[in-house]
Amino acid sequence: MTGRGGRAAARGRPGSGSGSGPGSESYERGGWGTYLLLALFTAVSVFPLLWTAVAASRTSGRLAQSPPPFWFGRNLGRNLSVAWGEGGMGEALANTAVVAGSVAVGTVLFSTLAGFAFARLRFRFRGPLLLLVGATMLIPPQLGVVPLYLLIARIGWTDQLQAVVLPSLVSAFGVFYMRQHLLGALPPELLEAARMDGAGTLRVVWHLVLPAARPAMAVLGMLSFVAAWNDFFWPVLALTQTGNPTVQVALTGLGRGYVPDTSVVMAVALLGTLPLLVVLALFGRQIVGGVMRGAVKG
Amino acid sequence: MAEDVVERALAPVVPAGRARRERLGRLRSRSAPYVLVAPFFLLFGAFGLFPLAATAWTSLFRVELTDPGAREWVGAHNYARLLTDDFFWNALANTVVIGVLATVPQLLLALGAAHLLDARLRGRLFFRVAALAPYATSVAAATLVFALFYGRDQGMVNWAVGLVGLDPVDWQNGPWASRFAVASIVIWRWTGYNALIYLAAMQTVPPELYEAAALDGAGRWRRFWHVTLPGLRPALAFTGIVSTIGAVQLFGEPLLFSSGAGASGGADHQYQTLGLYLYEQGWVNLHLGRAAAIAWAMLLLLVVVFGLVRLLGRKGGRR
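As you go down the protein sequences, you meet chains W and R in turn.
Under UniProt numbering, think of the first position of the first sequence as 1, with each following residue one higher.
Under UniProt numbering, think of the first position of the second sequence as 1, with each following residue one higher.
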């Protein structure tokens, strides 16, 4: 499936594959019961987000009463502006955009290069190195937080964004994802022909690998962006609310009681989530495809 | 013009230069794979492998966050202390309990949702994208909203409980209620994501198999059990592994679930997980050595869980 999607995309049909083609039509047609249950599932998935907006448009006083509000109030503008200013969301959003953007670009670049080498080049220690990468999918590197913190503190990176960016560039998933894609999208004969023509590695990467990898690079970039935007454990340790907070660090500070105004906290949560919801709305098809394709390789 | 000058200056050495370039070229193509994987492995070594290995080393010292330079060798003391530490065992038990409460319903619900999404549908892209909305919501944002839902006096959940005529539940302080509430945040965030993974696996099952099963008179349920589920095995394993890793590291949800509780995980530590205990020991009580020992305990827990699953899987396979 991965291979088929990859080859189709390499021929210039971006964003297809992922089983939404006509060939993978499923057996059963959805009846009204299916639609009813799906509507329920969708409502549960979306309701907490909608209600975040409702709460952000109310006052703290109203949120402390029962029954809770079910419809929008008139305070959205005020809460958003407090969140932006006193809540520090302007700065936090900018920081998070820098972090998530750098992580996405770096992860895609390094994963593509390594993925290509693992997919199509022969070299010593290829097997053991690939195994090593695979092992970190089972043993999460996040558990190394204590020495990582000591390292960051020693080189003076506490409260600096690169402390959050660099560790996130190590994506075992990214390497496997790109390797899997390139195994399907980059035929060995093509590489052989290029080498016969005397093309060096740099030219091969530039003229063959990158064009073949582009659809998967886009998907990996979006998944890395979402993951980096929402990354929690390490940023909360490495950054502080008064230093260079990301959205999650700022939210954690607020949630733990620095600003006790609940409706403002909800406005902050809304502001911090909205950019990703926009990304999801714009690139939903590709992200859905990426999640589905990433798993099939199992 | 400058290029001309350079070219003329180099002209006499061209033959030798070309030979050297060719040799270099061959050398380069042999070293090329290493150059390509180098950026990844440099970062991987510095920020992935080194911290993991150094965690073991750090756990043998007394290290304070306030003065990391002054470390004192204590051998296995940090581990010995954990073994007699009630809070550690409490956190371990909570991690397992909340992990099970979060993972099992999550994967079952995802299976059901995937089955629904697998039908021929109008607007299926909409349903799929909507299923990913919780995945795009951060732990912090989700937990803060759910904390309001679960408020004892003004929360929506207790309002609904009251409508049915039941007494309000103390979601913050009840030992089981609060664990369930924390688990429900995990369930909400990851069910749609897992459903899409199962959906992808379901679509690799050839439709002919369903037709054949239907011809043999298998009903809807039996087709699901005998045709769909076997095709889902790799996806089930994948989601099982990923969810387990997530459950062992659970941190953000219990940290933010109740605004006053902080790293203690509730007034009675009733939902303090290992991740939260690591944070409390290292960054609240400033004992980094102990925190490192807890991190190794978490690794060990993962290894034990995966070992058990493999053992059970092998036994099941032999039968």
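Treat the hints as calculated values from the structure; they're not laboratory data.
We put the beta carbon where it would ideally sit given N, CA and C, even for glycine.
Treat the hints with caution; some may be incorrect.
Unchecked claim - With the Cβ distance kept under 8 Å, some of the chain R side facing chain W (calculated, not the full set):
| id | residue |
| --- | --- |
| 1 | Phe87 |
| 2 | Leu125 |
| 3 | Arg128 |
| 4 | Pro134 |
| 5 | Ile197 |
| 6 | Gly240 |
| 7 | Asn285 |
| 8 | Ala292 |
To be verified - Listing some non-contacts, in silico: residues in chain R with all C-beta distances to chain W over 10 Å:
| id | residue |
| --- | --- |
| 9 | Asp85 |
| 10 | Leu101 |
| 11 | Arg120 |
| 12 | Val145 |
| 13 | Val164 |
| 14 | Asp167 |
| 15 | Trp225 |
| 16 | Leu299 |
Verification of the hints:
| no. | hint | in the structure |
| --- | --- | --- |
| 1 | Phe87 | 18 Å, violated |
| 2 | Leu125 | 6 Å, holds |
| 3 | Arg128 | 5 Å, holds |
| 4 | Pro134 | 5 Å, holds |
| 5 | Ile197 | 4 Å, holds |
| 6 | Gly240 | 11 Å, violated |
| 7 | Asn285 | 13 Å, violated |
| 8 | Ala292 | 4 Å, holds |
| 9 | Asp85 | 17 Å, holds |
| 10 | Leu101 | 18 Å, holds |
| 11 | Arg120 | 4 Å, violated |
| 12 | Val145 | 5 Å, violated |
| 13 | Val164 | 14 Å, holds |
| 14 | Asp167 | 14 Å, holds |
| 15 | Trp225 | 15 Å, holds |
| 16 | Leu299 | 6 Å, violated |
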